Amino acid sequence: MRSLLVFGVSAAFLFAGAASILAQDKPTDPQIAHIAYTAGEIDIEAAKLALDKAENQSVKDFAQSMLTDHQAVNEQALKLVKKLGVTPEDNPTSQSLVSAAGKTRDALSKLEGAAFDKAYIESEVAYHQQVNDALEDLLIPSAQNGELKSLLETGLKLFQGHQQHAEHVAAELK
Amino acid sequence: MTGLLLTRRHLLLSGGAAVLAASLPARAHNGTVHVTIENMEFRPAEVTAHGGETIEWVNRDRFPHTATVKGKWEVLIPPGTSASRQVQAGDSVNYYCRFHPNMKGRIVVATS
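The listed protein sequences derive, respectively, from chains A and B. Mind the numbering: the first sequence is residues 1 to 174 in this note's numbering, read in order. Mind the numbering: the second sequence is residues 175 to 286 in this note's numbering, read in order.
What the hints contain is simulated information worked out from the structure, not anything from laboratory work. Predicted model, so just to flag it, every value in this text is computed and none were measured. Fair warning: there could be bad hints in the mix.
Just the calculated beta-carbon pair ranges, DEER-fashion [what the hints assert, rightly or not]:
id, chain 1, residue 1, chain 2, residue 2, range
1, B, GLY205, A, ASP90, 53 to 61 Å
2, B, LYS244, A, LYS82, 39 to 47 Å
3, B, HIS224, A, SER109, 51 to 59 Å
4, A, GLN144, B, ARG280, 22 to 30 Å
5, B, ARG234, A, LYS82, 18 to 26 Å
6, A, THR154, B, GLU248, 20 to 28 Å
7, A, ARG105, B, ASN204, 27 to 35 Å
8, A, LEU111, B, GLY205, 47 to 55 Å
9, A, GLU89, B, VAL232, 17 to 25 Å
10, A, ARG105, B, GLN262, 43 to 51 Å
11, A, GLU89, B, GLY226, 51 to 59 Å
12, A, GLY102, B, THR206, 38 to 46 Å
Derived EDC-like pairs: lysine to aspartate or glutamate, alpha-carbon spacing no greater than 16 Å straight-line [claimed, not checked]:
id, chain 1, residue 1, chain 2, residue 2
13, A, LYS26, A, GLU172
14, B, LYS244, A, GLU172
15, A, LYS82, A, ASP137
16, A, LYS157, A, GLU45
17, A, LYS103, A, GLU45
18, A, LYS157, B, GLU248
19, A, LYS53, B, GLU212
20, B, LYS244, B, GLU212
21, A, LYS118, A, GLU75
Cβ coordinates follow ideal geometry from the N, Cα and C atoms, glycine included.
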């Protein structure tokens with residue numbers, strides 16, 4: 001919630017309804033796999049939109065990095081669930097993420113130029129903050145399988161890096 | 175006889191290399207200092223090199239990384255590849271990965 005306050009009205013609007021990621025009770029491994037994969041897919045779709053619409057070079061570079069990294073992690077996640085024989089299971093947290101992402105996408109689609117760049121980067125800061133909180137507080141502590149936990153821990157370091165990258169670009173735009 | 179000599183020389187060489195490796199971590203004996211990137215970290219995080227030597231970063235992650243000194247230089251290291259840069263005298267720097275700024279490293283340029 002702290003990040004929502006910092007990034008003001010636009011980010012609060014973009015992320016209305018997204019704060020329920022921690023509302024779910026302890027998820028199972030198939031649910032955790034689904035949440036992690038869904039979170040990656042959402043950021044891949046946001047990156048594609050940004051590569052299409054962004055004007056600022058640092059914003060474009062950031063979007064390209066999100067596309068490359070999240071695709072790489074999701075490929076690893078798919079290999080792991082296949083190896084473990086786990087079938088990812090849809091759940092209220094994944095559904096809430098998808099629903100919030102739909103609202104964010106609608107809001108971003110209406111913006112152009114510098115307004116789009118700023119709103120996209122701010123939404124990426126807030127989104128990674130939200131996913132990192134969920135990884136730290138809920139998903140990593142709940143994961144039972146050691147390999148799944150280890151992939152989530154790598155994911156956390158990666159996404160913390162993305163959050164800082166987004167913060168650097170957001171500061172550049174000010 | 176030749177075989178024996180070769181063996182002995184091998185032992186001497188590998189013994190010498192082991193001593194070198196122990197006293198100068200990450201340093202090969204060809205003027206190249208190696209930094210491995212693994213699991214979102216530069217390892218070792220700090221290396222010491224002399225001017226004219228080369229730093230080689232080996233990226234074992236699945237993600238592209240950079241070694242960046244803001245406003246000065248940047249080396250791009252795609253996943254599964256390596257990239258290098260020659261150390262300039264007096265250029266002791268803190269560097270980071272531009273894509274993941276939580277990854278930090280330091281190059282100390284030795285004066286002697």
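*Looking at the structure, which of the earlier hints fail to hold?*
4, 7, 9, 12, 13, 15, 16, 18, 19, 20, 21
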